[in-house]
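Kindly produce the complete structure, drawing on both the sequences and the hints.
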Amino acid sequence: MAQPTSLPEWNLSSLYQSMEDPQIEADLNQTRTLIETFTTAYRGKVSSLSSSSLLTCLEAYQDIVALIRKLSCYGTLIYRQGMTDSQRSGLNQKIQETITDISQEMVFFSLEINQIEDDTLAGMFEQEAKLKALKPWFDDLRSFRPYQLSEQQERLLHLLNPFANENWERLHNESLATLTFTYLDRTDVTISEVMHDFSAPERETRQAANQAFSREIKKILPVNCLALNTIVKQKAVIDEMRGFNKPIQSRNLANLVEDDVVDALINTVQKNYQNLSHRYYQLKAKILGYQQMPYWERSAPLKFGAEKTYSWEEACQLVWTAYDSFSPELSTIVQKFYDNKWIDAALRPGKDNGAFSMQTVPGSNPFILVNFKGSVRDVATLAHELGHGVHQYLSESQGILLMDTPLTVAETASVFGEMLTFKSMYQSSTDANMKKSLLASKIEDMLNTVIRQIAFCDFEKRVHDLRKKQELAPTDFAEIWHHVQKDSLGDAVQTDDPEYSPYWSYVSHFYHTPFYVYAYSFGDCLVNALYACYEQGHPNFKEKYLDLLKAGGSKRYDELLAPFNLNPKDPTFWQLGLDLVGKLIDQFEDLVQKDG
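As numbered in our numbering, residues 1 to 596 make up the sequence shown, in order.
Calculated directly from the structure, the hints in this document are not laboratory data. The reader is advised that the hints may include incorrect statements.
What the hints assert, rightly or not - Here are the in silico distance ranges between beta carbons for each label pair:
1. F144 - E313: 45 to 53 Å
2. Y290 - T475: 23 to 31 Å
3. N11 - T178: 25 to 33 Å
4. S325 - S14: 26 to 34 Å
5. G44 - Q93: 39 to 47 Å
6. S53 - T475: 35 to 43 Å
7. D404 - L111: 18 to 26 Å
8. K271 - S508: 36 to 44 Å
9. E329 - E59: 41 to 49 Å
10. T84 - Y147: 21 to 29 Å
11. K468 - D586: 38 to 46 Å
The model shown is predicted, which means the values in this text are computed figures rather than measured ones. Here a beta-carbon is modelled for each residue, glycine too, at the ideal position from N, C-alpha and C.
Here you go:
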């Protein structure tokens with residue numbers, strides 16, 4: 001495997017050559033022209049088109065969607081590389097506002113698509129095979145029919161979004177990005193660096209980093225309280241207009257998953273808090289020498305020997321090897337990310353402190369962002385995001401309308417890739433202490449994905465419910481935060497420390513995508529069940545798995561899992577995934593007791 005020699009930064013030339021590329025302005029103008037032509041040709045006529053004319057209409061629509069997405073992705077990516085850079089934020093804002101302004105004329109299209117009678121549309125599918133291939137897109141769009149507003153109302157919401165919701169999100173992002181932290185002998189520490197020190201090997205560093213983090217985010221707490229209060233209230237108003245009964249309902253619909261399935265997931269995870277999370281953190285507290293751990297020890301690494309760190313080259317090799325052992329087709333795609341600078345791993349002030357993989361447009365490629373410092377968790381994060389990346393790369397063949405997967409299924413390849421990498425590292429290690437460290441790290445990653453995300457979801461549900469009655473003060477947010485953390489972590493972690501009170505405010509999903517978080521738990525439990533099939537030698541597993549990735553959004557989650565004889569609509573399904581976590585904790589307990 002050819003290896004990079006330093007932390008890479010993106011090469012975005014598959015989208016645009018630079019922020020000064022004249023093609024950006026040309027594409028904005030071209031988008032405006034295409035929309036004007038489209039609107040003139042089809043406004044008020046969509047529901048009466050013939051099957052062949054509807055296909056022509058959809059082909060023109062896809063061209064517009066692709067151009068808008070190309071522009072929007074580029075703006076977002078250059079902004080995430082440096083959110084405190086005025087040139088980057090200014091260009092991104094210009095792109096997003098221009099797109100919003102010119103695309104308002106397209107609001108009629110989905111409304112008119114949904115005016116086509118079911119029988120008429122079914123007949124069109126029989127007449128035009130290319131239309132029938134897009135049936136999943138039609139089905140997804142038409143599932144929103146009961147919640148659509150008038151065209152005038154939809155246009156108003158469309159126009160207001162950048163100045164209402166998105167600017168509050170931006171305020172949250174930029175407030176966090178401008179923070180720097182001082183602790184011990186360090187100054188001007190970035191947010192990604194200070195959060196990395198939450199799991200530093202030295203106890204003094206962990207405590208100092210958390211205290212500095214708490215101290216600084218308290219300074220912007222009024223901003224984040226106002227931002228989230230506003231976002232939640234705006235969502236409540238729009239939900240009521242559309243006829244949604246619960247705050248989470250619109251997210252479930254967007255995820256193409258039934259309310260009762262999500263309820264079953266949440267209830268099953270919460271019933272397992274004690275057996276999984278409480279049990280593990282009691283053991284961790286004992287290992288660290290506490291009766292009750294301070295909140296700032298939750299992420300402390302359990303190191304049973306020398307601290308192991310990895311170079312970027314080593315991390316790339318480990319992940320590539322894990323993917324290659326499962327499927328050379330996947331490792332070949334992973335290599336493309338390394339070779340073509342589709343990954344930004346460098347640490348920079350103002351850079352997004354998280355990790356993501358963004359699918360762009362057919363003909364380009366996905367782009368991955370991580371902040372790499374060499375820990376085991378950083379290796380797992382790279383494996384996770386490359387899972388997203390290969391999934392997005394393979395699903396591109398579905399075309400612009402069907403390549404995106406719902407959030408619930410979008411975590412499949414990422415979590416599966418993490419598991420492949422963990423198993424590869426664990427099985428290849430001959431050091432007993434390293435095995436314990438790897439196992440502890442994996443368990444904590446799974447608890448953070450399954451348990452913590454459901455606790456986050458519980459936090460959101462309580463915040464959204466209380467916001468219907470009143471604006472939340474910082475003390476209200478803190479009370480809810482302490483409550484859900486105590487529920488999920490148990491008595492082994494001190495969750496009522498006032499320093500821990502503002503930690504809710506850095507969770508960006510609360511602002512950007514309400515109720516996004518349960519998708520992590522959904523995906524992890526789903527993949528755990530899927531991985532069990534793999535280990536049990538399910539017939540033709542690898543071929544079926546690659547087909548699942550290539551399907552993108554052309555199939556619903558239950559259809560994707562049917563070839564593996566898995567049924568997420570069965571309430572007992574979720575326990576299967578949680579049982580795997582329990583078995584790993586059992587294994588860890590045995591190793592710890594064996595070695596004294």
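Going through the hints against the structure:
For the pair F144 and E313, the beta carbons lie near 47 Å from each other, so the given range of 45 to 53 Å is met. The hinted range of 23 to 31 Å is satisfied by Y290 and T475, whose Cβ atoms lie roughly 28 Å apart. The beta-carbon spacing between N11 and T178, approximately 27 Å, falls within the hinted interval of 25 to 33 Å. Evaluation of the 26 to 34 Å hint for S325 and S14 yields a pass: the beta carbon distance comes to about 29 Å.
For the pair G44 and Q93, the beta carbons lie near 33 Å from each other, so the given range of 39 to 47 Å is not met. Take S53 and T475: their Cβ atoms lie about 59 Å apart, and the range 35 to 43 Å is violated. Our hint of 18 to 26 Å for D404 and L111 holds, since their Cβ atoms are close to 21 Å apart. The hinted range of 36 to 44 Å is not satisfied by K271 and S508, whose Cβ atoms lie roughly 28 Å apart.
The hint said 41 to 49 Å for the Cβ distance between E329 and E59, and at roughly 30 Å that hint is violated. At roughly 38 Å, the beta carbons of T84 and Y147 sit outside the given window of 21 to 29 Å. The hint said 38 to 46 Å for the Cβ distance between K468 and D586, and at roughly 43 Å that hint holds.
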